[in-house]
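As a plain string of letters, each chain reads:
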Amino acid sequence: MANKPRVGIFDFTGCEGCELNQLNFEDQLLDILEHVEIVEWREAMDGRAESLDIAFVEGALSTPDCIKRIHEIRRKSKVLVALGACAVQGGINALKNIRPIEQVREEVYGQDKYLFPTLPALPLSAVVKVDVNIRGCPMTQLEFLKVFTALVMGKAPVEPGNAVCTECKLKDNECVYEKGMICLGPVTRAGCDAQCPTFGQYCTGCRGLVPEPNVEAMEEILVAHGLSMDDARKKLQMFNANQLEGVS
Amino acid sequence: MARFYLENGKVAAFIGHLQQQKTVYAPHRKGRNAFAFAPVDRPQDVVLDYPRTVSSIKRYFLPPREELLSFNLVENTCEQPVVAPLDAVFLGVHSYDVHAVLKLDHNFVSGNPERNYLTRRQGALIVGVGFTPDRFHFSGSVGVPAGDTTGCDLFLHPCEGGYALEALTPDGEGLVAGFPLPAHTAGLPAAAPFHQHIYVPQAKLKDVLAHGYDSEVWEEEAEKCTSCGTCNLVCPTCYCFDVEDAVDITVTRGSRERRWDGCLLRSFTEVAGGEVFREEPAARQRHRVFRKFKYISDETGEPWCVGCGRCTASCTAGISIVSIVNRLVNDHDAVKA
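Respectively, the protein sequence lines represent chains D and Y. The opening position of the first sequence corresponds to residue 1 in my numbering, with each subsequent residue numbered one higher. The opening position of the second sequence corresponds to residue 1001 in my numbering, with each subsequent residue numbered one higher.
Pulled out of the complex, with its shape left as it was, chain D reads as follows (with noise of 0.2 angstroms):
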């Protein structure tokens, strides 16, 4: 390929766990390099780039910086891709954001708490326009390659929008609620493979809320099933405090 897209990989608040498991595609590693050229990533190489095709986006924005970062990113890339559920949802920095800032502030930093300005956490969405999201806590790489290869070919994306439900009915896997545990799976986007209920968990919703959710629904099933109306609140807040609130 002549020119290669130039690609660049950014982080910003999350545990960086997304963008190292780019690093563990041992197997696809070398064809991803063969499509694209990486020419900014601050957790494996040197150097900034004046321009990029394709920019992934790690994390949550959750300072002033954050927001004049993204600014940037988004100024010199065609397409901004975000990358896991801090990125996409605001993941699970946005709990601080169900509970007062300055509270918040002084329980982290203390007397030093003006010291560290801080916002409530966002997801990119809610500060520049995002053009694909890849979900997910860490975000999986079978889902990575999909949006990628599509990237790379000059495709949209196609991002799942069923519930996680539907994937667990494709496995013929016993329900989550038939061994009396509860289970996100209802309102949780697919594209996971239903990997937590088919391993024996359950699903927390870490990809976030399916379209038009009904979240009244979920809660009452939730109750139904024996959580208080504010343990089925709180389950659905760990990964979509923001989307409960509207934010997205």
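Treat the hints as calculated values from the structure; they're not laboratory data. These figures come from a predicted structure and were not determined experimentally. Built from N, CA and C at the ideal position, the CB exists for glycine as well. Possibly wrong hints are sitting among the right ones.
Reference listing, derived: stretches of chain D covered by chain Y, where coverage requires no fewer than 3 residues with Cβ under 8 angstroms from a Cβ of chain Y [as the list claims (entries may be wrong)]:
{"#": "1", "segment": "21 to 33"}
{"#": "2", "segment": "142 to 156"}
Facing chain D, according to a computed beta carbon distance under 8 angstroms, are these residues of chain Y, among others [as the list claims (entries may be wrong)]:
{"#": "3", "residue": "N1033"}
{"#": "4", "residue": "K1224"}
{"#": "5", "residue": "T1226"}
{"#": "6", "residue": "S1227"}
{"#": "7", "residue": "T1230"}
{"#": "8", "residue": "L1265"}
Given the structure of chain D, go ahead and fit chain Y onto it with the hints provided.
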């Protein structure tokens, strides 16, 4: 045809006898409280007394995910995978799931015959088994008693100490041949009663559903529903699917995959340009029920629901298709009486 007595102590040996002839699929325990069809490895792991499996044997003829073709973008070529008849025995199938396969046969023979399904279906022999209705089964209301042998080659009627093994076709007799069994001379035990009922025949449901098109029940049920699509995906007579092309990381090769889809899912009704043609969850709920008791039924005269109870038993929100239909019957009768 002949009826034999298969005592409980000989069931495993009989399954072994079937295994010598063909691949055998049968219900096994899956997870903590569920059952699922799987290829038999050890006959003693087969469970013949079970309430229902997560999904029906449909998945062997219409796989949940299936490659329809593979292609090469550089050479501009494509290939269809070879699909072969299953040539297998399905053991321990409940009568409603056999009826469901017969309904799918009808759907897939009509119009453009569905080559992959019909090819796999060839050579599949079915050994039915009776069941004790639980609080979700209602197949008796849609013309499928628990001991119904329609579509089976052999049928295991549960009786004292074992089963009355009824041979129904020459293929079924062939499966038993070489496994000595005494004749079953006693009568068959009376069928166990159902605990769920739709009280009116399909001929009347046609009018009931037409009358209930604008019923409030759709909105009421939709309020409880998360549109997760489980009811569609566990249904043995649902056959809708989605098709997606995917290219692998070489950006030269790819494949076209077909996978199960369902009308309750919002994305199912989303078409090119982002238009969603059945936007309201209530409209999708109605469509699902009408697909089981109205649209195909008006053409065939039969309910397209087999009363397995899976949609209701699997619904975490507790939405019951029997309750919906009976509510519509009551509303209809209250007005028309």
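Quick rundown of the hints versus the structure:
1. Coverage of the segment 21 to 33 of chain D by chain Y holds. Counting CB-CB distances below 8 angstroms, 3 residues qualify, and the rule asks for three or more.
2. Judged by the Cβ-Cβ criterion of 8 angstroms, the segment 142 to 156 of chain D is covered by chain Y as claimed, because 7 of its residues qualify and three suffice.
3. With a least beta-carbon distance of about 5 angstroms to chain D, the hint placing N1033 of chain Y at the interface is held under the 8 angstroms criterion.
4. Satisfaction of the interface hint for K1224 of chain Y is found here, the shortest Cβ-Cβ separation to chain D being roughly 5 angstroms, below the 8 angstroms cut-off.
5. For T1226 of chain Y, the suggested interface contact is upheld, since its CB lies about 4 angstroms from the closest CB of chain D, less than 8 angstroms.
6. Against a cut-off of 8 angstroms between C-beta atoms, the interface hint on S1227 of chain Y holds, since the closest Cβ of chain D lies about 7 angstroms away.
7. Nearest Cβ of chain D to the Cβ of T1230 of chain Y: about 5 angstroms, under the 8 angstroms cut. The hint holds.
8. Interface restraint check for L1265 of chain Y: the shortest CB-CB distance to chain D comes to about 5 angstroms, inside 8 angstroms, so the restraint holds.
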